[in-house]
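Using the supplied hints, reconstruct the complex from the two chains, each of which is provided in its own coordinate frame.
Take a look at the letters that make up each chain.
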Amino acid sequence: MRISGYIPFAVGALTALAAGWAAFPHAIYQNRRQPVNFSHKVHTTTAGQKCDDCHSFRADGTFAGIPTLDKCAGCHAAPMGTTAAEKDFIDRYVTPNREPQWLAYARQPENVSFSHITHVKSGGMKCETCHGNEGETDSLRPFQQDRISGYSRDIWGRPIAHSAFRTEGGMKMDDCVNCHRSHGLTHSCLDCHK
Amino acid sequence: MTTTRRNLFKLAGGATVGVLFTPAPWRLLTDTALLSETWPGVPVPRHGEVTFQFGNCSLCPAGCAVRARSVANQPVSLAGVPAHPLSHGALCAFGIAGHHLPYHPDRLKSGPVAAADAAVRTALGQLRDTERCAVLDLRPGRTASWTYRRAMAAIHNGIYLAPLEPVPVNLAAAKTVLSLGAPLFDNWGTPGNVIAARDHFRLIQVEPVESRTAAMADLWLPIRPDSEEALVLGLANLLLADKKVAGLPAGFTDRVREFPPTVAASRSGIGEQQIAALAHELQNNGPALVLGANGSPYAAALNLILGAPGHTLVSRREAPVPDEWKKAAPVSDLASVRDGSIGVLLIDESVTGDAPPWSAIQPKLANKAVVVTFAWSKDGYGRQATYTLPTAVYPETVDDIPPAVDSPAAAFRLSAAWIAPPDGVANPADFVGALAGIAVKDALQERAAAIRKSGRGSLFVPSSATSTPARDVKPDDFWKMLQAGATWIDDVDANAAPPKLDLAFPAEAPNQVLPLVVAVTEPDAPALVSPLLSKLYQESNLHLPPQSVALHPSDARSCGLETGSHARLETGCGSIAVDVIVDPDVPPGVVEVSGGPGIRKICGASSRARVVRS
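For the record, the sequence lines run as chains A and B. Going by the working numbering, the first sequence runs without a break in its numbering and finishes at 194. Going by the working numbering, the second sequence runs without a break in its numbering and finishes at 614.
For reference, chain B alone in the conformation it holds in the complex (with noise of 0.2 Å):
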């Protein structure tokens, strides 16, 4: 056999069909992509002794239990605490990935902290009489909020900002639910609450679209889109007959007679009959309780026609404070504040909760108002403010969790703190506090202190799953089993007045330039969402993606748009770009609206839309 090139050839081509009958290439195959999963960059989670702690998840005012297994001190996988008296073991889907956030590509982990301490300073130096520091706070009820009520009565012209509170609910109390569009099985509440409570009501779910929570309930009755109104007038014109209830306003008893059964029929596309019967039901399968999307208050009304203050609806006292703070500044509404008066703006965003549109705060701005807003990324305020600071994460901060709309008894309990933020981070109410020098640093002990002195309520240890009177604890070990992860709930409070409801109606207001009714279809998420929750949730196909719109076709013909179309979305609190999908699903008039950043903060407060072609 002679060295040819030809039989190079047949000797490389021998070589490599033989080296494929061995595990030679597959082996390597399996070998490189092992090899992938530890390639630099790729976090690994440490090696050493395994432990459960636990804590609470303070993501959403939910404030869930949870159990975290440890790695060396690392959490690395987290669930919920079946025994919980309020959370019931349910963990949601974000709070299941919450450990992955502080490592969060997007989060803020440095920012110009100095720089805006000192802007600030200098800005309430010179604010003028008819100027105002406020701090608008996402979630009241903490005790940060107490620190930022204190530190604003402490503070010339300061002012407190919070969203009103809705009337806590007794979920537990009720026979008949009728959901007017609230998202009751999207995040709603507490979701183990009530997942817990629902064999014992029956879901009357009133929504032009199938949401998740239409799909469980026990009937959904498909509402012609913005009709919920003249269903409700409908339902107490049957309800209220020749009765008189206290309370309601005479504009709305006027109404409800221009709208007998017929005409709410014809209004809503709801039959006559099922209306009729469906008032039955509410006046004969009580306690009932009637929710509404936003604080509706038609649901309100309602609620008071079928009795519900004192039996659904509760009175919720709030977690006892020390008496030394109880000289602060009162709660106040964003609407109330003077257009152009505010010249220092400081927000907590570090929390979730009912976030005003920036076409709302605009207004309130004086001329050159320096805003600073704490926040885990930019994608919120940080867009518009003067400075945005970064604060810790979940789970790397201890702040107490407020007790949800379906707790009809207080609580206190405090977030899990089992990683160490990045140094560059700041703490709102340190540095609120430090503003007006008030000292912070033990608020969280001082108020647990307050709550064990009051002897009201018991205490919830996770690790042996039992609850003891708080007068039966010593007040060390309070506090140390706060901090392991314990839920203080207070007693209900029998001898409390019925809950007063808001019944302020808003001034008619037909919009002809918005004709698209609303339909968020995703449930409200934190600032932050695990890299891989949102990687599998965008892959899934279950959900419409980010930044996208889904319109009835006749709706997609009459605006000029069809699926892949790149367009607009515009509502009264501004204009947002997105994606269109034509879906004959989707009732018509009704816009279905994706999560995504941005696109909530300008859908939340608003309830029509139009779909423009960009």
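Same shape as in the complex, but just chain A (with noise of 0.2 Å):
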């Protein structure tokens, strides 16, 4: 068979790795932008907070998550500058108390129980080992969403192809998993699971 008779085949393979690794990785995801132009710099540099100001833990050692508006409009109960951003935030939500729709990066499936006290407090671990650099961003990137699962982009990782050669970045459980191990720890069914 001449040479000429293998190109329909080639066509069809680069045409299809293409679309696989250049195209499926955005149309798996719909961006969804946040509510708010949310600035982590400015309230880490300028306000000189820290992730705990607002991402605490209670006095019963559950991790509160996402502040509230009343955590904000402690500080936000009238503009603080005068950049566009201040001002939608305080119309459309400070005024009317409305709490802001956050979309949480990092929020696992409705299956799995995190205990943030047990990784921070007792294995010492930073914010950052998880989540990155988020606290140094001046604005929130659009939070991408699975199209079929539902699950963030950030618990699958960066990479599409999230495989036992490329794990960085994920939080899922077997991305737990190897950074237990990876410690010796010991873990059952119930340690994490409702």
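Keep in mind the hints are simulated off the structure, nothing from the lab. Mixed in with the good hints, there may be bad ones.
Stated by the list, open to error - Using C-beta positions, here's what the derived DEER-type ranges look like: (1) D70(A) <-> T51(B): 16 to 24 Å; (2) R212(B) <-> D53(A): 50 to 58 Å; (3) T51(B) <-> D53(A): 18 to 26 Å; (4) T563(B) <-> H193(A): 31 to 39 Å; (5) L190(A) <-> P584(B): 35 to 43 Å; (6) H180(A) <-> K326(B): 55 to 63 Å.
Where is the CB? At the ideal position from N, CA and C, for every residue including glycine.
Take a look at the structure:
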């Protein structure tokens, strides 16, 4: 068979490879905007706040997660500055006392119970280990949500081909198990699953 | 390149091969699997604040203390309370999965409550002088039990029926425990208490099969089926010698003389020397305790010989009740009721307990008797009752849990009510109380006030893991703490008289028709078990499947059965269809019985059975 006989096969294969590697990662996620253009950088540098000023532990050790409007309104009862984002935040949320519907990048699936205090206090882990340099960003990146499963891209990990060879950045069960194993920790199902 | 059919196939083939080298198909597989976890109908735990609540498990009389982790006030996992003085942090598999029960697909959520109420009132109005209204309570000693007793005292010809309560045991005082087939490590008593006391006593398990308890015993004596009586008589022969023990029936001492160790050894299959060594150990490594299955009078007699009453068998006071409650009907035994005399029967099946088989109840019923059962599912008396009314399941309702058999002191604790019950359920105590015109809404609080007023005992608070004398707790705080999972534990009454043992030996009834001895291999389970737990249980291959029996090959041959045969298991209490498994590890003469709906009902009160091909 002449080489031209392979051309349709090669065209099909190359097209599928291009679609699978270049187009699919974009197609599988939908980008959703956060309700407020929040700057972690301004809060950690200009306002001099630390992570746990807003993302705090309650008295009983449970993690409060993303702060509620009450916490924000403590400082932002009136506009602090003249930026459009500040005005927008005051007008849309603080004044009508409406809770912003934040999209949590690192929210685990419903069947998982993750204990922040165990990892931070007992395990001595830093926030950045799992959440990256979120505290230094000047604006919130879009929330990338899997169109089928509904999971955040941060759970899957940035590489589309999340595999045994490229495991960085994910928060899937494999990632948890790998980290626990690397620290010589044992675990059972009910340690993490509800 | 031209567009031909061949080229199109080549293009598609190339695309198929190419796509396999991209992440797309593999990712879609994962995503589809994840999507299937959130399909409509799959329960989704709530998102919200994580909180911890304390309570007590009411699935069995052990009443183990429970700590629930809740998300947005919905319990998502249950665990024990390590510092608890009664349950010591243990929680059995049923208890760990208890919060699944409200979502069980087989639970009853609605029933003919109004119709049953009307029918009962009509039947009460038409009762003849010779007919009675009865309440059958499977777990006596509760505040609800007192409501039933008060109601039956108020209703003409009322009678309160309950199983006889076993004599309380003080395991912590025992150095040697001889168990005649008692399932000590199969949900007997309070599992945590048994485990906590385990290091301090030597356990000798006498049982034909190697049960879980036998496997965990210091010594397992594989006795010939149904010959425990011979062993006890042989031991008594050695222990009594020329000694006289007050309280032993003359008939028993006469029989003891007929059982020198040689006879006991030949009947039981346990060596003569072994019997002698056992008698020596019981006598010299005391205090000793003998536990028999189903309140065996032979175990009671041996306990009397060994001096167990007042040491390892104790008298227990009941938790105080308000004075005005004491005008209540006495506790009666079902067997004492005249046949054909019960015109209205109300059965509280909402709690587990010793349930008499229907074959024992039916003869007591009058013609056209109205039978109402309060139950979680239709699997119990609901099959025979006129009305089956659904009740709240654990952990939906507040009820008190009387102390278990291994609790030497009285206790008062409330079951957890963390989930709202469905609208259509009935409260048995409210139903029965209303028939007699008794207000029972605040009964638990009234009893708690009576306990606090007595000044006895101490209150264990699980959130702080501390015990405080009850008299030092303010009355309002006492009730609030009980609602928050605290346990009141009575002081042990040092001046109490030794308990009286039931030494009523049943008449000899050799039964040639039922040649096999029943060995129930599964622990007594609540009426409903978490669907997740039962799925794992059925698939584990570690247990007999539900509705099945196991036989030794020789017994199977004589019955014409083989593995996979469909058969009927027949006992003195009824029969049920079962599947047969032939297992050489089952001792000859024994039929091992699994759990499952109905099977326990016909085996619970019967020790002998036969298996016939169906």
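Hint check results:
1. Taken as a hint, the range 16 to 24 Å holds for the pair D70(A) and T51(B), whose Cβ atoms sit roughly 19 Å apart.
2. Evaluation of the 50 to 58 Å hint for R212(B) and D53(A) yields a pass: the beta carbon distance comes to about 54 Å.
3. Between T51(B) and D53(A) the CB atoms are about 23 Å apart, so this pair conforms to the stated range of 18 to 26 Å.
4. Range check, T563(B) to H193(A): about 37 Å between beta-carbon atoms, so the 31 to 39 Å window is met.
5. One distance hint, 35 to 43 Å for the beta-carbon pair L190(A) and P584(B), holds here, with the actual separation near 37 Å.
6. For the hinted restraint 55 to 63 Å between H180(A) and K326(B), the CB-CB distance of approximately 59 Å keeps it satisfied.
The structure is consistent with each of the numbered hints, conforming to all of them.
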